[in-house]
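Chemist: Residue numbers (the working numbering), protein chains in the order written: chain A, 1 to 327; chain B, 1 to 327.
Among the hints, erroneous ones may be present.
Pairs count within a copy or across copies, as identical chains cannot be separated in the list.
Once the Cα atoms are required to be at most 16 Å apart in a straight line, the calculated EDC-like pairs of lysine to aspartate or glutamate come out as [stated by the list, open to error]:
| no. | residue 1 | residue 2 |
| --- | --- | --- |
| 1 | K236 | E267 |
| 2 | K247 | E162 |
| 3 | K227 | D216 |
| 4 | K26 | D152 |
| 5 | K87 | E103 |
| 6 | K100 | E89 |
| 7 | K247 | E280 |
| 8 | K26 | D150 |
| 9 | K292 | D212 |
| 10 | K243 | E163 |
| 11 | K35 | D16 |
| 12 | K138 | E123 |
The set of hints was computed from the structure by calculation and includes no laboratory data.
One letter stands for each residue in the lines below.
2 protein chains.
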Amino acid sequence: MYSAEKLREIINNEIDRRLAQLSARKPEELYAPVKYSLGAGGKRLRPVLLLTSFNLFSDEIEKALPAAIAVEVFHNFTLLHDDIMDKAEMRRNNPTVHVKFSENNAILSGDAMAFLSYQYLAEYHTPQLFDVVDLFTKTALQVCEGQQYDMDFENRMDVTEEEYLEMIRLKTAVLLGCSLKAGALLAGTSGETAQQLYNYGINLGMAFQLQDDWLDTFGNQKDFGKKIGGDILANKKTWLLIKALEKASGQAKTSLTYWLDAKEYAETEKINSIIAVYNELGIKMLGEEKIKFYFNAAEKIVQDLPVSELRKAPLQKFGRSMLGRSV
Amino acid sequence: MYSAEKLREIINNEIDRRLAQLSARKPEELYAPVKYSLGAGGKRLRPVLLLTSFNLFSDEIEKALPAAIAVEVFHNFTLLHDDIMDKAEMRRNNPTVHVKFSENNAILSGDAMAFLSYQYLAEYHTPQLFDVVDLFTKTALQVCEGQQYDMDFENRMDVTEEEYLEMIRLKTAVLLGCSLKAGALLAGTSGETAQQLYNYGINLGMAFQLQDDWLDTFGNQKDFGKKIGGDILANKKTWLLIKALEKASGQAKTSLTYWLDAKEYAETEKINSIIAVYNELGIKMLGEEKIKFYFNAAEKIVQDLPVSELRKAPLQKFGRSMLGRSV
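Only chain A is shown next, with the shape it has when bound in the complex (with noise of 0.2 Å):
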């Protein structure tokens, strides 16, 4: 049985290995910006998860490898081209690769990162390997789908929470679900233990974009590591301001639409003055509960897992300090 922290440094010692591998191939240009951006790190979540759900049930890691290495070069490929048509500049502390390298090489290199996250999936030449195909497969899509309408809400100023709910399911959760349950195939497991998997990581993956979103507006800069109030700034239809203007009236609704029709401001009066109507309204709260329900929902599919606590141990306590909980 692996803790996580292990399974991290199996994963991190595995892509240096493909990285290296990869540098042998040609044309050098295409294969650049893919070890520019998987080399780069990141928390490793999606492949510490399809492992650690793997673990559950066997102790032969290398096994899951392969597929370890496909949603994480996959999630990365996400990155390349999410930041290209979010315009986003950095990215881990770096430049994103359209802006190192060029938004050509973005987007080529991001078509060949899709294409390599199946070339390591194709190893199995195993019977799983038509479950984990489907799944990964209609993830993908949906992952597409999610960042359309993310989006599309830019341009919207009447999302509901419901709406929103279902960007981030698809954007984001859909990918953590999927790392689990394709853990939960390729060691063997049945069916509905591995929908239990996969439901775990869609509340898992829902508690951790809400948080996300709540710590870009109440959390602190130190332990967030970005900027606080950059939701704020870009208007961004998050969780916290379709809320509020859902319940906002009066003086609380013209301070609101003041700020997000405002086109010269100071920024630091912006974010203040959105979160003093946010505190007016019990958004931090509201916040606050809504993540828990979706992290509550995640540890009772955990403690239903038909395997031993010894065993399930280490998924909880990822699980946990994903959330940044006592574990």
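Following the hints, complete the assembly by docking chain B onto the known chain A.
Modeler: Leaving out everything else, chain B in the frame of chain A:
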């Protein structure tokens, strides 16, 4: 046994059926460019090759349809992304996807098409899936590599004939080879015969791309369907230009260099001047010989296929028609 015309009709009907299914998927903004691109027609060369190859060994054509759709969807995915990278504004007499919709739409809907092609492939829950996914994924990566070389060549004046041939092999020929081999594999055909069909596709693809370049310079606008001389105006490193640079000396060399460096010029004058150099160097005939070389290699492979003359006639006929040869 089916003619290529009949198979094209079958594939067009199947594409219509699949597009109707896509209409039910949300968000509409993601799938509209997919329908726009696939619905715009095109010659359907790759799926027709796949079905024709399958039909060498089996008449149960419906079994090959998911893979035939997959290669066509994949091909259209490459067009969406290549057209962004090449800043192409028109395709099949319509605005390209990034012009008609937006660049972000062309990136994301292109991604969705790559995954859709795997979703169609994954409909095979038979052992052939292993080989077909391997082949398809390897091919997809090679196509990315070919596009990267093509872009790199834009900024180089020292591209060799060998490099150029390798680029078009990757960018164009391997997908024809993949289509033909996949058809054979799905019909349950042995490795060696499937490989013969792959090699047939490579030679056909090389001849096809070389002929496309040749027609861009020496064709007539009515038959070619595009304006003559586009490659010359763009200083495109075609086989013709590479060969001319290799053979030119004295006055021919001076003229070629002058026109390649020229910043302002009358288009017709540049086209006619470069063609004059080509004629002086015998490039037109050398190009014809090169096309003929690959065409003959392709013909030879079909002759050697271990199937009856009657069975191989549609493939032979279709291959010849792709190159405008007497059928």
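Chemist: Work down the list of hints and note, for each, if the structure agrees.
Modeler: A quick look at each hint next to the structure:
1. With identical chains, the CA atoms of K236 and E267 are at most 16 Å apart within one copy only, with a shortest distance of 15 Å there and 49 Å across copies.
2. When the C-alpha separation of K247 and E162 is checked against a cutoff of 16 Å, the pair qualifies only within one copy, where the shortest distance is 15 Å, while the shortest distance between copies is 67 Å.
3. Taking CA atoms no more than 16 Å apart as the test, K227 paired with D216 passes inside one copy only; the shortest distance there is 7 Å, against 54 Å between copies.
4. In the homo-oligomer, the alpha carbons of K26 and D152 lie at most 16 Å apart only across protomers (12 Å), although the nearest pairing inside one protomer, at 37 Å, exceeds that limit.
5. Proximity of K87 and E103 under a CA criterion of 16 Å is satisfied in both settings, with 10 Å inside one chain copy and 12 Å between copies.
6. For the identical chains of this complex, K100 and E89 are intra-copy neighbours only, at 9 Å inside a copy versus 26 Å across copies, given an alpha-carbon limit of 16 Å.
7. In this assembly of identical chains, K247 and E280 lie within 16 Å of each other by CA distance solely inside one copy; the values are 10 Å within and 79 Å between copies.
8. For a Cα distance limit of 16 Å, the shortest separation of K26 from D150 across copies, 13 Å, qualifies, whereas the shortest one inside one copy, 35 Å, does not.
9. In the homo-oligomer, the alpha carbons of K292 and D212 lie at most 16 Å apart inside one protomer (13 Å), although the nearest pairing across protomers, at 61 Å, exceeds that limit.
10. Proximity of K243 and E163 under a CA criterion of 16 Å is satisfied intra-copy only: 12 Å inside one chain copy versus 58 Å between copies.
11. Taking the shortest alpha-carbon separations for K35 and D16, only the intra-copy value of 9 Å comes in at or below 16 Å, while the best inter-copy value is 40 Å.
12. In this homomeric assembly, K138 and E123 come within 16 Å of each other (Cα to Cα) only across copies, at 12 Å, whereas the closest approach inside a single copy is 19 Å.
Checked against the numbered hints given earlier, the structure satisfies every one of them.
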